[in-house]
Structure formats: structure tokens, C-alpha cells
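Build out the structure end to end from the sequences listed, making use of the hints.
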Amino acid sequence: MRKLSLVWGGAVGRGGSGGKKETPPSDEPVAKAAAKPAKAPVKLKLWHSYRGAERAAMEALVAGYNKAGRAGTLEAQAIPFDALNDKITAAIPRGHGPDLFIFAHNMIGPWADAGIVESVGAWANEKLLGRFADATVEALVYKGDIYGLPLAFKTVALFANRALTKAEPKTLDELVTAAKAARNPETGVYGIVYDALKLYTNAPWLHAFGARIVDDEALPAFDTPEAVAAVKWARALMLEHKVVPEETSTHLANTLFNTGKAAFMVAGPWFLAEKAEGVELAVLPLPEHEGRPAAPFMGSEAVMLSAKSANKQAAFDAMEFLTNDASARLRWKQSRQTVANKAVYEDAEVKADPVTSAFRTQLDRSVKMSSSPRMQAIWSEADRALHRSIKGGVDPKEALAEAAKRIKDDIQRAGK
Amino acid sequence: MTSSGPESSGRSSPLLAAALLGLLVAAGVGVGAEVAGRSADRDADSARAISAAGRQAQGERVEGARVLVFGGKNKYGIATGDRYSLHPDASRTGEPPDKADRDLAARVVTEQTPRARWSQDSVTAATPLPSGRGAALVTLPPTPTPVHHPWLPALGAWLLCVGLAFALAQLAPAGVRRFAGAAGLACLRIATALTGPIGAALGGALVALLLWRPTARVLGHLLFDPVPYYYVMPALIGLTVLIMVPFSIGVGMSLFKYLDGAWSFVGLSNFVEVLSVGSSGDTRFYWTLFVTILWTGGNVFFHVAIGLALALLLKDGVGRLTAVYRVLLVLPWAIPNYITALTWKGMFNKEFGAVNAILRMVGMEPVDWLGSTFLPAFSANLVTNTWLGFPFMMVVSLGALQSIPEELYEAAKVDGASAWTRFVRITLPLLKPALFPAVILGCIWTFNMFNIIYLVSGGAPNGETDILITEAYRAFRVLGRYGYAAAYSSVIFVILLTYTIITNRLTRSTEGAFD
Chain X
0 MRKLSLVWGG AVGRGGSGGK KETPPSDEPV AKAAAKPAKA PVKLKLWHSY
50 RGAERAAMEA LVAGYNKAGR AGTLEAQAIP FDALNDKITA AIPRGHGPDL
100 FIFAHNMIGP WADAGIVESV GAWANEKLLG RFADATVEAL VYKGDIYGLP
150 LAFKTVALFA NRALTKAEPK TLDELVTAAK AARNPETGVY GIVYDALKLY
200 TNAPWLHAFG ARIVDDEALP AFDTPEAVAA VKWARALMLE HKVVPEETST
250 HLANTLFNTG KAAFMVAGPW FLAEKAEGVE LAVLPLPEHE GRPAAPFMGS
300 EAVMLSAKSA NKQAAFDAME FLTNDASARL RWKQSRQTVA NKAVYEDAEV
350 KADPVTSAFR TQLDRSVKMS SSPRMQAIWS EADRALHRSI KGGVDPKEAL
400 AEAAKRIKDD IQRAGK
Chain G
0 MTSSGPESSG RSSPLLAAAL LGLLVAAGVG VGAEVAGRSA DRDADSARAI
50 SAAGRQAQGE RVEGARVLVF GGKNKYGIAT GDRYSLHPDA SRTGEPPDKA
100 DRDLAARVVT EQTPRARWSQ DSVTAATPLP SGRGAALVTL PPTPTPVHHP
150 WLPALGAWLL CVGLAFALAQ LAPAGVRRFA GAAGLACLRI ATALTGPIGA
200 ALGGALVALL LWRPTARVLG HLLFDPVPYY YVMPALIGLT VLIMVPFSIG
250 VGMSLFKYLD GAWSFVGLSN FVEVLSVGSS GDTRFYWTLF VTILWTGGNV
300 FFHVAIGLAL ALLLKDGVGR LTAVYRVLLV LPWAIPNYIT ALTWKGMFNK
350 EFGAVNAILR MVGMEPVDWL GSTFLPAFSA NLVTNTWLGF PFMMVVSLGA
400 LQSIPEELYE AAKVDGASAW TRFVRITLPL LKPALFPAVI LGCIWTFNMF
450 NIIYLVSGGA PNGETDILIT EAYRAFRVLG RYGYAAAYSS VIFVILLTYT
500 IITNRLTRST EGAFD
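Protein sequences, first through last, are from chains X and G. Take 0 as the starting number for the first sequence in numbering that gives the first Met the number 0 and just add one per residue. Take 0 as the starting number for the second sequence in numbering that gives the first Met the number 0 and just add one per residue.
Some hints could be false.
[What the hints assert, rightly or not] What the simulated footprint calls covered on chain G by chain X, stretch by stretch (three residues with Cβ under 8 Å from a Cβ of chain X suffice, anywhere in the stretch; the number is not a length): (1) 256-262; (2) 341-352; (3) 366-374; (4) 457-468.
Simulated from the structure, these hints should not be mistaken for laboratory data. Owing to the predicted nature of the structure, the values given are computational and were not obtained by experimental measurement. For each residue, glycine too, the CB sits at the ideal point set by N, CA and C.
What follows is the structure, encoded as C-alpha cells:
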């Protein structure tokens, strides 16, 4: 396979001879950056929304970085998750933002288009990116540039309350059987709980039935017989088998599961921090249907570089540090974070942890969320369509078609 | 407003307000155009940088080389490494190469303008280049520094010129006014040279405003007898910074379209889109407007009815605990409304909520409140907001009731008037001056009561219980259409302004406040 000649015109400057000037970047840009902290270390700001153990782990890493005598010193600031997105969107274009921030990859599209997040393609090479599970890196690519380095991945999986069910369902049918067995209207025990009217939590069912949520151009693709079948199946869980409560927010699902009123729950690793004492839980990969996995959406949580950072080189050095294997191990040890680094999952200690292993398996059976700005128009309309067709007695075919049409109209009007 | 009497000032104040509004809008447009101009400049700068770098970086032609480039709106050619290229069979990567805009890719590559920053090793095949075309990758210097307009100093100079023109016009004796006007125009011309057409438009508006009699009078007072203005200055500054500036920027934004961090001027097309019935027969705006009016009317009716009834009860006292009840009944108002909204949402839950638990207890069928039909969801919103809104009306009515002299009632009793007659003939007319402004205010608050709709029903089912402000929020937040959302908000403003002016005219309810 022939390769392109690579000419770094701008970087090399005007003195180049044109033509055949090849100045490939160093294979070890990171090592180079780290090797010469000739000047005083630059101060870098990092915004994140970690809480509890994850926050403690991140702060320990930041302290470790500051002691390591590298190109910069980090100052980490925890910001409530609900506010972080808005703060990044508002502060960075005006130059008040941090150098680095941690967020899921789904905002990369809008942020890259608005010039908020900087590509790290100039520094990140194959070797460095080889640390991470492929899917977590692929999620960070938008329009051919890579934005950020992955810290962790987040997907939902199937949580089982072992006091209520011993089943390990391998297929959706087995899941229904186990849920029906555990359901007990007398004691108020439900089969499965999750935010049953939202696209995010219903995505696994759609994928299991062979449907897609969006097509290659991030336009809605759920207007298909497969998706209709999946929605009908989800509706049957609630209305026919009555194993799913009719109105469940994530909060209510957590409460039901924690109080022993739910045998199964579809939830992500974030629930582990809220697990009540004494609940004996097992985490299982979501089941299959006719050989297709019920693949949940995968979010790649990454440390990203602000386009307005004054010290991008040093900031990337910090990104490299926060995402290296040693840091990932520390994050796993302290907070059981589902880290993106492949090497961590080779450790005997990690392999022995059933929860981490289940999420690792789930990663291979997941679908990365699209980071296109178009997604913003899709979530709420799709949620509405699910609400109407699962609970509202509207024909799923009609509701999904209407939502898809409306989303396409919205996208077209927004010019996206 | 002294010399020409209340009548003329009364006539000119709406005009003055309109002129000020116009000026604010012009300022908003000016700022918007400035921003748009700057981002256009940034694009032009990067185009220059790309072409400069491109010539420098004339790469060797690589026959049959394969480069993966994404098409569509993307202005840049981009090569990716094989690990991150989009394999035709890998659905999870999203965009397979056959969707790439090959022509654009080829053009971008031959024009030497890609923004590729991948290491050589990682650049591999995906889409073959058409033969005869070369390929090279350039990297641009870090974000080209945008050239800012020196518009702040220019604005300063311009204000100085305009100020000079104004001072000449004001201070000069009548005979010299014409000369002063000419001098002012000259100053304006200099100012225009410094700031460009937008500055000229703004300047024209400002000069017209300054030379216009009512403004000139206010400004004349400001020059020669400024003391009263010192007193109102803190409020005026607060009003300007907190309301006028955001408002004018918002109105200005409504004339622009936001896409990918850049603003472009689109005139009134955002307004046309808000108000027109969509191509798909989408009458959302008018349905939403209808729901909003229903929502506002329903709420204010219940607020006033419940508030007034409780005020009547509390006025005469309901035993020893009257004071305690007064405090308790104000509590819904004192609790932050989003907390109340979330509490009520929990109570309306179909299976676990308190409302349905009570219904079951009394042997009724539980209602699917926030489910699939309009009426229950709308009622849930209405109940929540009624809970939140009646204390205000109660407090207002209670205050007004206590100021009604007891003798009137006694005299009426002596004349044999029934309790109902006393209420209709004495209480209501005397409550009017206090209650009407409260109702107007209540309508405006309720019209824009975002929290309740958003948190309780969330627009369910299918956006039917959304009101205008939650739709504007959706345009802003979900669709990221800032200009369109600003237009939506401006329409809401115009509706409320019209409503206020009309009710003011009809009821003359705020008359006392201005006398």
C-alpha cells in the first residue's frame, strides 16, 4: 500500500523547498514534550464533573502529575454534571474556560464545529492511541479528526438482584421468562426496571431486533419494521407481561432496585455508587435476540483539549499522563472506573472482578453514540415517539415515522 | 416632563419608547453584524493561510493514492489513519466511505488545502483519488489570529463626534442651529468613515433621536439640571445592564442565523418561520399559542378565585390560628418553584404517586396523569401552578381588603344589602385598583412559566402541553438554533407587550401609578 507524501508546510515555515519536503512528525511527540521542561511548568486548568470515588481518583492523579515534574501543573475543578456542558459551551469561546475538560464524546460534533474543542491529531500517534480499546478511540473521531483521549467508557448493562432472581438470561425470551418469574404484584416486585420511555434505555432492544437509530449521516433510521417490532416488544414488557412499571424515571428505577422491588435493572456503572447496602447484585451483559446482541449506546468519556488553550503542547502532555496505563489502573483501583485502556483488563485482579468484566464484555457489544450535532435534534423527538407508542396507545409505526419526519424537518431547518 | 405639561409628555412617551426600542434593536443588530463580520474575517484569514501553506507545500503527485476524506459541508480535506478510517463494513463507525463526497475530496486535495494532522504512518487508504490529481497534506499554523476590528476605539471616537454635534445643536442659539446641524453632519461623516455602514446607521438613529424634541428635552435637563437624574441613576444603570443590553442583543440575534460558531444575517426569515404554517402543515406555533392562552387564563382564574376566597376568609379571621394559616398559605409561594414542580410530578406518577393513591383509596380508577392524553397532563400542570400561584393573589387581595373602610359595609347593611350585593358592589370595585395590576402581572408570569411545564409534563404527550416559552427553549437548547429561538422570544415579547398595552388602555388600571 502506497503512502501519501506528507508535507507539513505550515509547521515547517516558509524556508521549505516545496516539492518533496518530508518532515514527518516525531514518532514520540509526547516523550519529546516531556523531555524538556526547560521553562517553569505552565499552569493548566482541568474541568470535570466526577463525584465520590471517581473524583478522589482524579484528584490523586492530578497530584501525581504535579509531583512528576512534567511540562505543566494541573489544577482540577469539579463542576456539577448538569452545568458542565453549558459552562464549556459558554466559557471557552470567550477565553475564560479551562485548558482541559472531561466529557462524554457525544458533544464533540457541536463543539468541534463551534471551534471549542481542539483536535489532538497533531500529537496523538498510533502508538499512543494503541493503548485504548478501539471503540473508545473511534468514538472520538469526528469528520476525520480525533478530539481528546479516552479515559473510560460508559454503557448500560443488566443488573440483577440476586435475592430475587438467580437467572442469567442469554436471550431476550429468557429475560422475559425470568422477569415474569420474579414479578409479584402482591409484594410489588417488578421484573425489570429502567427509564422505559427513553431512547437511550430502549436502544438495546432496537439494536437486538436489527434496527438502527441513526444512519451514516446521523439522520433518523428508526422508521423501519425492525424498530417497530422492538418497540412492540418493549411495550409488551410493560402492558402485556406487566414486568416493567409504567412510569419510571432513572431515579425511581434506582429506588425500586435498591429496595428489593425489582429483579433486573438496566443501568450503567454510575449506579454502583448509589447501590444500597445489603443488595446482592450481579452485573450481566445484556442478552441477545436471534443472534444479535441487545447493544446499548456506548459513551466514550474523554479528556479533551480546549481550542483556546494557550499551552496546547503542555496540555496534551497532561492528557497523555491522565490516560496512561498506570493512571488508568489507579482510576480502576480507586473507583472501579470502566477505563478505556486495554492493558488494565489483562491484570489478574481486574479479570477477577465480575462487575468490571461484565462491562468489558458489554463494550464489545455496544454501539457508539453518534457525536454529530444532529443527535441533539433526535433525542427528545425519539423519546416522545417512544412515550406515545409504548404508553400512549399510538401505533409504533405511526409514531416512529412521524418522529423521523419531524427530526428530518428540524435538521433541515437548522441547516445542520 | 415639566414645561409642556402632562398631556404632551403623555402623548410622546410611547413614541419615545418606540424610538428607544428602535435604537436598542439597531444596537443589537450592530453587535450581531460585528460578530458575523469577525467570523467571516476569520474564515477569510484561514483561507489565505491555507492557500499560502498550500503553495508552499506542493506535494509530489501520488498516482492512485488513497485518502479518506469526508464530504458534505466539510471545508477541509482530511486524511485519517487506517484504524480510524471508516471501514465499509463497520456500521458502528457511522459514516462509510461511499457516502464521502468524492468530488469535494478530490478538489480539496488538489487545491492543497487539507487540514490533516495525522502522522505519516497513520495515513492510509480508503477512497482512491481520481488519476491525474495530486495529493499532499498540509498542516496549518495554530489557529490563525483573527483580525479584530478596532471597533471599540472607533466607537469611542464616533461617540465623541456625535456628542460634539449634539452639544453644538443644544448650546447654539436658535439662529446658529442650522450651522450646528451642518457641523453635526460633518462630525457624523467623520464618524462614519471610522466605523463603516453599521456605525453610520447607528449614528443616524442616534442623531435623529438626539435632535428629536422629547429626547433633546431630557438630555437638555441632563446637561443643565442633572440632579434628579443622579437619583435615578443607580436604577437606570441596573436596568440598562440587566435588561436593556440583554434584551437588545436578543432582539438583534433574532435577525441572524447561528451555525457552527458563526452568525449570518438572515433578515426577518426567523420570524417568518415562527409565524408561518410549516410546509408539512405543522401548525405547532398556533396550537402552542392556543395552549399558552388556555394555560394563562386557567391559571389566573384559579389564582384569583382561590386567592380571593382565602383572603376573604382570613380577613374576618378563622379563629385563633388565623395568623398561623396566613403563614402556611404563603408557604407554596416561598418554596422555590422547581422543587414544588418536581414534588408534584412525583405525586402524579401513575403507579406510585400520591394523587392516584388517594383516588384508589376512595375507590376511583387511577388516572394516567402524565401519559398519553392532553387533558390529564394539562390538568397536572394547572394544578401544580395553581398551588404555586394563589398565595400571591391572596396576599394582594388581603392587603386591599383591609384598606376598605368598614363603614361602607355597615352602611350597606343598614340599607339592607345582602352579603352578595355587598361583595359585588363594595368589595370588588374597591379591590379593582389593587387586583388588576396583579392580574396583569400574573398573566405575564404565567405566560412564561417555564419551570412547571418543563418539569411536570415536559410537554407530554407529544409536545401538546408545551407553551411558547418551552418551545423557544427547545429551539435554543435541543436544536441549537439561537437566532430562531431569539425570534421566538421576541414574538412572545410582542404578544405580551400588546396584551399589556391593551389591558392598560381598557382598564386604566395602572393609571394611578403615573399620576
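Against the structure, the hints come out as follows:
1. Using a Cβ-Cβ cut-off of 8 Å, 4 residues of the segment 256-262 of chain G lie near chain X, which meets the minimum of three, so the contact claim holds.
2. Closer than 8 Å: that is the beta-carbon criterion, and the segment 341-352 of chain G has 4 residues meeting it against chain X, so the requirement of 3 holds.
3. Three residues within the 8 Å Cβ limit are the bar, and the segment 366-374 of chain G against chain X gives 5, so the coverage statement holds.
4. Proximity of the segment 457-468 of chain G to chain X, defined as three or more residues with a beta carbon under 8 Å from a beta carbon of that chain, is established by the 5 residues found.
The structure meets every hint from the earlier list without exception.
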